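Residue numbers (my numbering), protein chains in the order written: chain A, 1 to 255; chain B, 1 to 279.
What the hints contain is simulated information worked out from the structure, not anything from laboratory work. A quick note: this is a predicted structure, and the numbers were derived from the prediction, not measured. We put the CB at the ideal spot given by N, CA and C, even for glycine.
Far from chain A by the CB rule (all over 12 Å, computed), these chain B residues:
{"no.": "1", "residue": "Gly-53"}
{"no.": "2", "residue": "Arg-66"}
{"no.": "3", "residue": "Lys-180"}
{"no.": "4", "residue": "Lys-226"}
{"no.": "5", "residue": "Phe-272"}
With a Cα cut of at most 20 Å, we get these calculated EDC-like pairs of lysine to aspartate or glutamate:
{"no.": "6", "chain 1": "A", "residue 1": "Lys-60", "chain 2": "B", "residue 2": "Glu-175"}
{"no.": "7", "chain 1": "A", "residue 1": "Lys-40", "chain 2": "A", "residue 2": "Glu-64"}
{"no.": "8", "chain 1": "A", "residue 1": "Lys-60", "chain 2": "B", "residue 2": "Glu-136"}
{"no.": "9", "chain 1": "A", "residue 1": "Lys-195", "chain 2": "A", "residue 2": "Asp-216"}
{"no.": "10", "chain 1": "B", "residue 1": "Lys-173", "chain 2": "A", "residue 2": "Glu-64"}
{"no.": "11", "chain 1": "A", "residue 1": "Lys-41", "chain 2": "A", "residue 2": "Asp-14"}
{"no.": "12", "chain 1": "A", "residue 1": "Lys-60", "chain 2": "B", "residue 2": "Glu-174"}
{"no.": "13", "chain 1": "B", "residue 1": "Lys-173", "chain 2": "A", "residue 2": "Glu-69"}
{"no.": "14", "chain 1": "A", "residue 1": "Lys-147", "chain 2": "B", "residue 2": "Glu-174"}
{"no.": "15", "chain 1": "A", "residue 1": "Lys-43", "chain 2": "A", "residue 2": "Glu-69"}
{"no.": "16", "chain 1": "B", "residue 1": "Lys-114", "chain 2": "B", "residue 2": "Glu-136"}
{"no.": "17", "chain 1": "B", "residue 1": "Lys-173", "chain 2": "A", "residue 2": "Glu-71"}
{"no.": "18", "chain 1": "A", "residue 1": "Lys-40", "chain 2": "B", "residue 2": "Glu-136"}
{"no.": "19", "chain 1": "A", "residue 1": "Lys-43", "chain 2": "A", "residue 2": "Asp-33"}
{"no.": "20", "chain 1": "B", "residue 1": "Lys-121", "chain 2": "B", "residue 2": "Glu-174"}
{"no.": "21", "chain 1": "A", "residue 1": "Lys-242", "chain 2": "A", "residue 2": "Asp-216"}
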Amino acid sequence: MNDNTSTLEQGLLDLSEASTPANMLLDLSNIMDKNEFKSKKVKLVLGNVSLTPAHICALKSILEAAGVEIELIYTNSVHTQLAALGAGLAVSEQIFNEELKNETPEQAVEAKEEEQYSTEAALEEVFKLETVDIETTELKSDTLYLKQTLRSGQVVHFDGNIVIIGDCHPGSEISAAGDISIWGVLGGIAHAGAKGNYNACIRALKINAIQLRIADLFSRKPDNLEVEKNEKVNIFKPEEAKISNGEIIIYPLNG
Amino acid sequence: MANNKEETQVMTGRVIVVTSGKGGVGKTTSTANIGTALAKNGAKVALIDTDIGLRNLDLLMGLENRIVYTIVDVIEERCKLNQALVKDKKNPNLVLLAAAQTRDKTALTAEQMKDICDRLKEDFDFVLVDSPAGIEQGFQNAIAGASEAIIVTTPEMSAVRDADRIIGLLEAKEEIDNYKLLLNRVRPAMVQTNDMMSPEDVLDILSVKLLGLIPEDENIIISTNKGEPIVNMDNSKAGIAYNNVARRIQGEDVPFMSFETPPTWFDKVKSFFLATASN
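Model the full structure from these sequences, guided by the hints.
Next comes the structure, spelled out in structure tokens:
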């Protein structure tokens with residue numbers, strides 16, 4: 001774990017080499033004891049290890065004792081994702097090793113800011129980038145299946161499809177490389193095809209989203225729409241949002 | 001405040017945190033009034049103000065002048081816990097553990113807070129913890145020792161959004177198994193004309209159980225300035241509502257106040273004219 005000094009400075013901590021949760025907690029304690037970790041926030045890479053809510057609590061306490069806050073947890077294991085979400089932490093699918101080395105958090109933030117396109121040229125640049133992405137990475141078709149209502153402030157990232165049995169309140173964010181299906185009311189921000197898949201779609205029993213994003217396009221709720229004070233869920237209208245002619249269009253699903 | 005170890009009964013009181021996310025929606029007012037109402041009904045109640053640096057609970061209770069030791073003095077062991085509990089002016093069953101005004105929220109940790117709650121719940125039926133606004137250290141400290149929560153909000157989108165965030169954070173905390181909503185500053189007339197969100201609207205958005213509805217009442221301003229909780233004032237709508245909340249907490253099934261005002265003869269005449277005019 002010696003070559004981790006650069007990643008330590010970025011706030012990334014790779015614990016995926018541990019074979020069991022107990023070893024993972026031990027590794028983390030050792031790292032904290034050595035006092036090498038300078039940053040106040042950390043992103044944990046947990047690999048394939050399955051952690052229970054109790055393990056997540058233990059991880060949090062070790063870090064809290066050192067004054068460090070968990071910003072994000074990268075994990076491949078669905079159990080760990082659910083446990084982390086249950087503890088109120090942001091979760092994402094494991095990032096590939098190449099990305100670990102190449103992309104610093106600053107670059108990631110810059111890449112996001114570039115999404116605010118003002119010129120055609122900038123758009124074309126991104127088109128080129130996105131197509132390269134599709135060719136080189138394998139699109140996983142794993143599906144994350146969550147039976148939970150997402151409240152404001154909760155985020156879910158997954159490198160595949162996401163199915164949520166429950167509502168997504170305004171203030172929540174969902175981002176999937178594949179499709180997003182909400183068995184409930186979608187009120188927050190949903191980003192399907194987050195890695196550049198223009199064929200991704202977003203479905204919900206009722207789409208009342210603040211913003212819908214597919215690949216690099218986004219659309220928002222119209223301002224002049226007479227917005228009811230409340231989102232009544234008595235009448236469900238299953239709808240699907242897809243890209244059609246360069247725009248995100250919402251289609252009804254039961255007609 | 002009996003601490004007889006000879007008695008085999010250990011009272012484990014209920015530790016309830018009153019929180020909201022949004023500032024200014026009525027957490028401190030609710031804590032003061034619900035606590036006073038519970039004490040009037042015979043329970044032994046301890047109020048804890050965790051808004052360190054911006055303390056207000058002592059003002060609302062009218063106990064500002066009587067504070068010698070604060071929660072920070074207890075933590076830093078300058079005094080015993082008993083010495084820091086200030087008895088209420090009217091009701092000896094009610095005590096206040098005040099916050100320190102000269103420090104800030106970093107003066108306390110979650111573990112220390114949990115320890116204090118654990119010690120207090122041995123001697124009191126109810127421990128009400130007044131949380132500060134926000135989701136940072138102050139809030140985390142306030143919820144540390146609690147097993148129940150009251151989420152206070154007003155019928156406005158900003159407050160409701162923040163309440164949703166808070167509920168999400170509370171759901172993630174295993175120890176809190178019971179949380180309910182207190183909808184404050186409801187204006188029945190505006191709800192009827194559809195200018196304000198109704199309680200049903202708020203419950204629809206938040207998906208949480210309702211504990212009580214407190215109507216907007218100008219007497220609150222008077223009671224705050226006097227340092228006299230409104231439940232002690234006669235004939236105030238908010239006072240009655242807070243009393244009902246206390247009874248519900250104690251297990252009684254109290255129906256919610258109906259806010260519909262029956263139409264006056266003038267309203268009926270007006271609506272008759274409007275109906276004929278539109279024909």
